[in-house]
Each structure stands twice: as structure tokens, then as C-alpha cells.
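Novice: Each chain is listed here by its residues.
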Amino acid sequence: MGPQHPSTHGVLQVKLKLDGERVIDARCVIGYLHRGVEKLAEAQTYAQYVPTLDRMDYIAAVSNCLGYCEAVEKLLGVTAPPRAQYIRVIMTELNRISSHLLWLGTHAIDLGAVTVFLYCFREREEILKIFENYCGARLTTHMFRIGGTQYEIYEGFQDQVRTFIKGFPQKVDEYETLLTENRIWIGRTRGVGVISGKDAIDLGVTGPSLRGSGVQWDLRKAKPYAVYADFEFDIPVGGVGDTYDRYMVRLEEMRQSTRIVAQAVEKIPAGPLMAKMSKIIKPPVGDVYHSIEAPKGELGYYIVSDGSTQAYRTRVRPPSFVNLQALRKMVAGHMVADVVAIIGTLDIVLGEIDR
Amino acid sequence: MAEEEQKDKQQTEKPAEPPKPPQAAEPKAATPKPPPPPPGAKPAAPSKPKGPAQEPWSSPLVDAIKERFGDQFVKAYSFIGQNQIEVKKDRIVEIMAFLRDNDIVPFNYLADETAVHWPKEEQFEIVYILYSFTKNEHVRVKTRIKEWEEIESVVQVWTTADWLEREVYDMFGVRYANHPDLTRILLPEDWVGHPLRKDYDIRLQDVEWVRKHLGIDSGQKYYVGEARDETTDYITPSD
Chain A
653 MGPQHPSTHG
663 VLQVKLKLDG
673 ERVIDARCVI
683 GYLHRGVEKL
693 AEAQTYAQYV
703 PTLDRMDYIA
713 AVSNCLGYCE
723 AVEKLLGVTA
733 PPRAQYIRVI
743 MTELNRISSH
753 LLWLGTHAID
763 LGAVTVFLYC
773 FREREEILKI
783 FENYCGARLT
793 THMFRIGGTQ
803 YEIYEGFQDQ
813 VRTFIKGFPQ
823 KVDEYETLLT
833 ENRIWIGRTR
843 GVGVISGKDA
853 IDLGVTGPSL
863 RGSGVQWDLR
873 KAKPYAVYAD
883 FEFDIPVGGV
893 GDTYDRYMVR
903 LEEMRQSTRI
913 VAQAVEKIPA
923 GPLMAKMSKI
933 IKPPVGDVYH
943 SIEAPKGELG
953 YYIVSDGSTQ
963 AYRTRVRPPS
973 FVNLQALRKM
983 VAGHMVADVV
993 AIIGTLDIVL
1003 GEIDR
Chain B
628 MAEEEQKDKQ
638 QTEKPAEPPK
648 PPQAAEPKAA
658 TPKPPPPPPG
668 AKPAAPSKPK
678 GPAQEPWSSP
688 LVDAIKERFG
698 DQFVKAYSFI
708 GQNQIEVKKD
718 RIVEIMAFLR
728 DNDIVPFNYL
738 ADETAVHWPK
748 EEQFEIVYIL
758 YSFTKNEHVR
768 VKTRIKEWEE
778 IESVVQVWTT
788 ADWLEREVYD
798 MFGVRYANHP
808 DLTRILLPED
818 WVGHPLRKDY
828 DIRLQDVEWV
838 RKHLGIDSGQ
848 KYYVGEARDE
858 TTDYITPSD
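First to last, the protein sequences are chains A and B. Just so you know, my numbering puts 695 at position 43 of the first sequence, and the rest follows in order with no gaps. Just so you know, my numbering puts 808 at position 181 of the second sequence, and the rest follows in order with no gaps.
Okay, chain B solo, but in the shape it has when bound (with noise of 0.2 Å):
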């Protein structure tokens, strides 16, 4: 009975249904009305102090790596102090390895592993966040790839990577190449879609899996996406 009181709300909801703008533009409207004011601290100073920027870093690490891997590095630098190094994604084992077992800063502890998607750029940026014990050093490890290209797991390397690298494969679609078992860890099975994807709306609920495994209808507005081609579940909002 519910399912059809649903329904009938859908059908009477859904002339209207078209126009309505995507959510996305909504924040943005929403934006001038921010955050909690502060009491007491009025109009402070204008804060446009550009922002701090990327400064150059050296380190005996960086140019061991260099050394090593000469053509897979790419720069090295630090942002508000925090050291970050650049490579490409070819030997990226290796690299990890290395860092790990090196005698000036061995980073043995893997402390977090995820990706950030630039669109525009078709590419995905795979961050490592290592730490040292023995140096209680902190140091970013990033590498970009191609958003249908693979990249080496490091599971060999940090056992910590096993879930770590599930998420990412589930909230971004990215393959790892030598992963002991590469399936979704926080949706289901059977989710279509990589959902931290910039092009996966975050009004995109996948209407079909509530349907299909609930047995009602979301409610949700949603677009109509399909999928690119097979090897990426990519979901394009269309409309």
C-alpha cells in the first residue's frame, strides 16, 4: 500500500519535476551565509594574504631518491610545512619500498592512502601519507594517473594498503594492478558507480538498487547515467 501511495506521488510530483536545478548550485547561493559567527572577533582583517605557497624542499631523502629513480621523480616541495614529495606511478613499488626500508628517514608506517579526482584533467592523484617512527617524520607521497591507466598496489609493501586501496577502488573506481582482493568494501556488490568521483552528483542515488533490494522508490531526483564503456563504471550525469 505504501508502494503505491509512492507512487501516486511520484506521478503527481513528477510534472514538476524537470526544471528544478541540480543541487549543486544550491552551496553556492548558500555560501555568503557561512559559517557560525565568531562573537567578538568583528570585521578582522581582510584575510587575503594570498595564501602561503609551495617552497622548494631538499632533504639527503629527496636527492637518495633522485639519485635512485632519477626519471620517475618529479619535484619535491612543501606547503605550510609539510613535506611532499612528486613521482610518476611506474615504479611506484619500488619507491615505496625504498622509503621504507631507507636508513635516513624509514618511513614504516603507512598511514593513509586515497585519491583526489581532477576531471578536467581526466586523472586521478593517489596520495600516500607515510610516517616515520624513528623520526617521527610525516611526508606525503602523490602520483598522478591517467583515469583508465592502473597503478601497483603497495599491499606487498604495507599491509595497511589492503582496505585502504579497497576504498579508494570503491569510492573512485581505480584499479589496482596486484591487489589480493580488489571488490567494494563500503557499498554493496552490486553499486553502480564510484561515488567520490567529481562527476557523481551527489544527488545521484542509484534509484535501480533501491528499487531492486528495498522494494520502494528513493524519492530521490536523480539523472539518467550510463556507463561510459566497460572498463570504467563511469556515470555521466546526462540531462
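Chain A extracted, bound-state conformation (with noise of 0.2 Å):
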């Protein structure tokens, strides 16, 4: 199956070992669109590598210049300040809304279920329009500053997102009247890909394929970056590990992050928007680790500065990529047909696989 599928969501090759319909083993084959973005940041300086991650998971691009930038910041013992930590907020979790339903979309597609897609787009496009008045990029953002944000928020802007998160959570029981009572949907979904939280967490899956496996763990909670402890919000957890509990679990996350912006963008601080910190960025020997919890799951970056103004080795954990891994064990079994909606469900990205 593969490279060139529409339901491979990218160009990743699945070779499969059937038995008639049933798949018996499955082997991934990636690296179609690998760029070498861990080499690129040994010859760039930190600020310069901000954009370059854009381009891994380019349907969260905010998420992996906050994950970035914090790590950076950590490691310079640099704190942003409170503005620029809310704008960061509510940015990311725009984001994650976007990001999951652009997965909604696809991977109601790829079971069949068209419509959803066009109600996905036309909200997601909402948000995007936002990212666009705030720094002129719909995908590729670079959003944030090793130090804070670049920009500051336009007038309207608060507006604009309440009118968006107003009106969001009835959008999301909206997909829900069309898939989750749906015949066929649960047809296709229910016991399809299950992995148990003890497999799940052996194979290092994060995010939400981690919690629909109900291991209720997620970074924000668990180890609160930016100003995630200010805020009240839930985590939604699955029970048996289907791709069922997964479409239920980022459905109710779209709403938990709703909830989080709602309560963000009525209270942005004043203050700058830049911490105080020399313009050349120079950390000090020595190596940090730090990570954030994506749209997809656990996203680190591993820094090893050697006290210059570029990275002596950057390493992202990507969580699609780890996440991946878990589709062998996910498809013994199943039908064909299934592979398509477990690799949908997994909600993987292949510019962060393949790097």
C-alpha cells in the first residue's frame, strides 16, 4: 500500500503480508520526505532554525515553534513574559483544534463520510484566517520567539476568537450527529486497532491514541508548560483503545480546547511582549530536554549546546513517528480495508516522520 495513496495521508509506504483480506504483517516504509531538519540546525543559529520546524508537522507548525522556543528558553533560563505566554496559549490551541479536524476531516474520508470534510474545512479555515491576520501564514506560522512573541495581536483579534469558540462547540456536535450515532461509522471504528494502555505505553505512543487507550496523561497536566496551570480543562481518556474511543477522544479535546482559549483570551496580560535577553542567542554548555504536548502526542526536542550560537546536535522526538510504530502491532488481524482507518486514526504526519 502506498507511497502514492490518497488514505497514506503523505507518502508512506505500508508493505503488507495478507491471507486473502487479513493482514497478518505490516512493515512501514518512511524516509520519502526526509530533509534532514536535525543536520540543517547544526548549521543554522537558534533563531534561524525556528522556521525550518514549521515544515515537520505543518498541520501544527505553532506547536513545534512553542515546543522549540521553550526549549531554548529553558536552557537560557529565560522566561517569556505573561502576554506573550497567553497569545502562545491561545495560538497552540487554535491550533490543535485545527489540527484535529483536519484529521477529522480525512479520516472520516477515508472511511467514506464526505460531508464531514467540507464542515471540518469550513471552520478550520476560520481559524486559519485568524493565524493569517496575526502574522500573515496560514500553515508554516513561525508564531513565536525564542524569547516571546514577534507580534502583537491585531485589533479585532480578541473578537475574532470569541466568535469563533462561541460558536465552536455546537459545530462539534454538529460532526457528531453524522458519525457518532452512524451505522456505518461505528461499524468501521468500534474494535478496529485496539491497543491496550500497557501496549501503548511500551511502544512509546503519546497524545490522543495514548489516552484513548484510557491512560489519562497528558503534558499539559502532567508537567504544565507556558501557562497551562492557570487554566481549568479536562482530560478526555477512552476506555478499551479503539479507533472509536481515539475519534471520540480528540473530539472532546477540540472542546477542552475551546474551553482553554475561552478562558485565555479574556484575560491576556498587558506587559511586553519580548523577555529581556541579549539579541545574540548563546546558551550555555550543556543540554536540555523539553517537551510539549502536540496535537499529536509528545513532542521533545533534545538540545546540546556547546556555548555557541548554533546547536552542536538538535534532536526532535517526533510523536507521529514513534506513534507509528504501534501500526503493526494495531493491524494484525484486520482486514485491508481497516488499515486505512487505523493509519487515519493514528493521525500521523509524514513532513514530522520523515523530517
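FYI, nobody ran anything at the bench for these hints, they're computed from the structure. Don't take each hint at face value.
Straight-line alpha carbon distances no greater than 20 Å define the calculated EDC-like cross-link-like pairs of lysine to aspartate or glutamate that follow [what the hints assert, rightly or not]: (1) A:K875 - B:E764; (2) B:K773 - B:E749; (3) B:K825 - A:D958; (4) A:K667 - B:E752; (5) A:K726 - B:E682; (6) A:K726 - B:E764; (7) B:K747 - A:D854; (8) B:K762 - A:D854; (9) A:K850 - B:E749; (10) A:K691 - B:E752; (11) A:K850 - B:D728.
Since the structure is predicted, the reported quantities are computational estimates derived from the model, not experimental observations.
Starting from the two chains in their separate frames, assemble the complex, guided by the hints.
Specialist: This is the structure in C-alpha cells:
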């Protein structure tokens, strides 16, 4: 299957060993989009490198950017000022919603529900408009800088966000009317790609895919970064860990993200956007690991600094890469058509897997 | 036709080629002109606070490791609040299994495994980032191996190490003993060299590969490298 296959969400090749229609074994062939993102870091300064990261998980570029900026800030011992932190949280959560919307739309279209896709993109468009108004870009946003944010929020930003979050929960309900009790949807997703919580941890699965298996773990709660500690939100979890559970978890996550944005947008504090720091970023000798809860799972950065303006080594721990590893276990014994569902439910982005 | 054109171009360009300094020098020149200037934050305090230092870190877990694997333990320290343990590589699987199964802080999740190349010491540093769901704690375990040495795979401890180790092998050429399927993962099977090693120049594209598979000249300036010996796919920029 693949690499040119519409349901592989990019260029992923899965070599399936079949017994009739039944999958016995699967082997993923990846690397088609490899651009050497980690190597590029060694020839660029810390700040120059940030836009490159937007090209990894291009659906959730804001998260990539946040994770890296925070990792470098941690190494520098700098904290972004509260105003910047709030803007960051709002943008990241909006980005989470848009990422989940894209996932929902494409996942549904893979399983034959075309309508949902159109609805999802309608809302996603609203979010992208906010991004565009804020920084001029829609996908590869390069929204934050090391030490804070570059841009002040535009006039009418809060109103636009408020309008969006006010209407959005109803929109999620709308998607639910199309899918949640749809017999075909249930037939295609219930009991498909089951993975237990223990196996998921062993395989390093994180994010909604882990929570779908009933493990209540979210880095935003476990190790609050940015200002997530200020907000109230719940971590939805699933029961058995099948495709349907993961679907429910992501839908609920969109509602929770809306809650976070609603709280954050009302109390954006005044103050500067950038922390006081030297213009040349020269972290001390040492290393740091910082991970955040990206829409797809734990996105970690491991940076080794040799005290110069360029990182000695930058390692990205991409959630999709590790999650995809679970595919083999999840597809065993299922039909070929279910493979499509399982690839969809893992919510992978090949740009991030191949880097 | 396009090929010919390319060839022509190459030939015409060739005379100008040699004196070009390797790109590596360029970023250095560019360093003074750096990050997008933070507006508002004018000349902040000349932030040269020597940087945080490593602080010794002790905990019941460290003591337990010391006790069990006495000679294997190198040191434990904490850097900007992140705990790290350095061990020797010989009994790495046992140490990892112990870290996973102990009662003090059971690290049941391998967040990441990666490597750092230190060419001066001819060493690789293998870094394991562990997390404990029950105690909500991270720890980094580091071990050093010589470039030509093997290290035991930890796949038997955490399944997730499978692809992570394949990637380390792909990018650094670190060989893992007892790995179920140690093949390249991101690069094509017949790629020569391991790009994340420090001696693999960023400009070094495998021109042969591009020519062979895509039938074109990549147009990249490259160094003529050759494998040092058969056991290490070692590429040295020789001129």
C-alpha cells in the first residue's frame, strides 16, 4: 500500500503480508520526505532554525515552534513574559483544534463519510484566518520567537477569537450528529485497531492515541509548560482503545481546547512581548530536553549546546514517528480496509515522521 | 536534453569550483547578524552569567543503581533541574531493565533515544530519555561508546526503542547488538554514510546515489570521500 495512496496522508508505504483479505504483518517504509531537519540545525543559529521546524508537522506548526522556543528558553534560563505566554497558549490551542479538524475530515473521508470533511474545513478556515491576520501565514506560521512573540495581537483579535469559540462547540456537536451514532461509522471503527494502555506505553504511543486507551496522561497537566497551569480543562480518556475511542477523545479535546482559549482570551495580561535577553542567543554549555503536548502526542526537543550560537546537536522527538510504530501491532488480524482506518486514527503527518 | 544542459553547465562551472570555501565557514560569518531583533528589549543586561553548572544529584534511585551496578555507575547530576545519570555501556540492558522495574521510580516509558557524536574523543554518546508515569519524573541516562563499538539494544526492555535505534543507526552508524531488524529507516538502503555524524559535511550529498537513481547530476558541490574501512561507513571529506 502506498507510497502514492490517498489514505496514507502523505507518502507512506506499508508493506502488508496478507492472507486473503486479512493482514498478517505490516512493515512501514518511511523516509520519502526526509530533509535532514536535525542536520540543518547544526548550520543555523538558534533563531534561524525556528522556521525550519514549521515544516515538520505543517498541520500543527505552532506547536512545533512553541516546543522549540521553550526548550531554548529553558536552556537560556529565560521565561517569556505573561502576555506572550497567553498569546502562545491561545494560538497553540487554536492550532490543536485545526489539527484535529483536519484529522477528523480526512479520517472520515477515508472511511467514506465525505460530508464531514467539508464541515471541518469550514471551521478550520476560520482558524487559519485568525493565523493569517496575526502573522500573515496560514500554515507555516513561525509565530513565536525565542523569548516571547514577535507580533502584537491585531485589533479585533479578541473579538474574532470569541466569535469562533462561541460557535465552535455547536459545530462539534454537528460533526457528532453525522458520525457518533452512524451505523457505518461505528461498524468501521469499533473494535478496530485496539491497543491496550500497557502496550501503548511500551510502544511509546502518546497523545490522543494513548488517551484513547484509557491512560489519563497529558503533558499540559503532568508537566505544565507555558501557562497551562492557569487554566481549567479536562483530559478526556477512552475505554478500550479502539478507533472509535480515539475519535471520541479527539472530539472532546477540541471542546476542551475551546475552553482553554475562552479562558485565556479574556485575561490576556498587559506587558511586553519579549523577555529581556541578549540579541545573540548563546546558551550555556549543556543539554536540555523539553517536551510539549502537540496535537499528535509528545513532541520533544533535545538540544545539546556547546556554548556557541549554533546548537551542537538538536534532536526532535516526533510524536507521529513513534506512534506509527504501533501500526504493526494494531493492524495484525484486521482487514485491508481497516488499515486505512488505523492509519487515519493514528493521526500521522509524514513531514514530521521523515523530518 | 536537460541532462546535457546540466552537463554543460557543470563543465562550464567546473573551473570555478575548487577554491570555494566549504559552507561550514559561512554561518560563522553570519553569526553577528542573528536572531530577529526583539523589539522593545533593547540592549538587555549583557547576559554572560557563565551559565548554570552541573549539580550533583542524589536520590534513593541513584543509590540503588550504585549499589547494584557499582562499577558501571559513572555519575549522577542535575543540570537546570533535569536529572541525568551516566553509566558505562557494558550492562546497559540490565540497568535499563532495573530502571523500568524498580519500585522507587519505575520508568516505564522510553520517551526518546538518540545519540550525539563527539568526534574528538571518537565517541558517541547514547542518550536515553526516560519518563515515569507513576511518579511524573524524567531522567536522562547517558552512556558513551567508542565509534567502532557496539552497544546492546534495549528493544527487549521497551519496544519503542526499535525504530528509535534504527534511526540512530541510520543517522550515526551506531551498531546495536541483538536488535531485531537493524536496517536504515529514513534513508534508502544503499545510502553511503551517516549524515548526523559530525564528519559528514552538510553539503555532502551522495551524488552517486542521485545520479544512479534519478539519472541527473545533483549539482551539489561535494567532497570526494572514501570509506575508511568496511566496518564503519565512514566518510571523510578529504579535500
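Novice: Work down the list of hints and note, for each, if the structure agrees.
Specialist: Structure-based check of each hint:
1. Taken as a hint, the A:K875 and B:E764 pair is honoured in the structure, with Cα atoms around 9 Å apart against an allowance of 20 Å.
2. At roughly 6 Å between alpha-carbon atoms, B:K773 and B:E749 fall within 20 Å of each other, so this suggested pair holds.
3. Only pairs whose Cα atoms come within 20 Å are accepted, and B:K825 paired with A:D958 is accepted, the gap being roughly 14 Å.
4. Taken as a hint, the A:K667 and B:E752 pair is broken in the structure, with Cα atoms around 33 Å apart against an allowance of 20 Å.
5. At most 20 Å may separate the alpha-carbon atoms for a hinted pair to count; A:K726 and B:E682 meet this at roughly 16 Å.
6. Restraint check for A:K726 and B:E764: satisfied, since their Cα atoms lie roughly 17 Å apart, inside the 20 Å limit.
7. Taking the CA atoms of B:K747 and A:D854, the gap is near 36 Å; set against the 20 Å cutoff, the hint is violated.
8. The suggested pairing of B:K762 with A:D854 holds, with an alpha-carbon distance near 17 Å, which does not exceed 20 Å.
9. Restraint check for A:K850 and B:E749: the C-alpha separation of about 39 Å exceeds 20 Å, so the hint is violated.
10. At roughly 17 Å between alpha-carbon atoms, A:K691 and B:E752 fall within 20 Å of each other, so this suggested pair holds.
11. Note on A:K850 and B:D728: the hinted pairing holds, with a Cα-Cα distance of about 14 Å set against a maximum of 20 Å.
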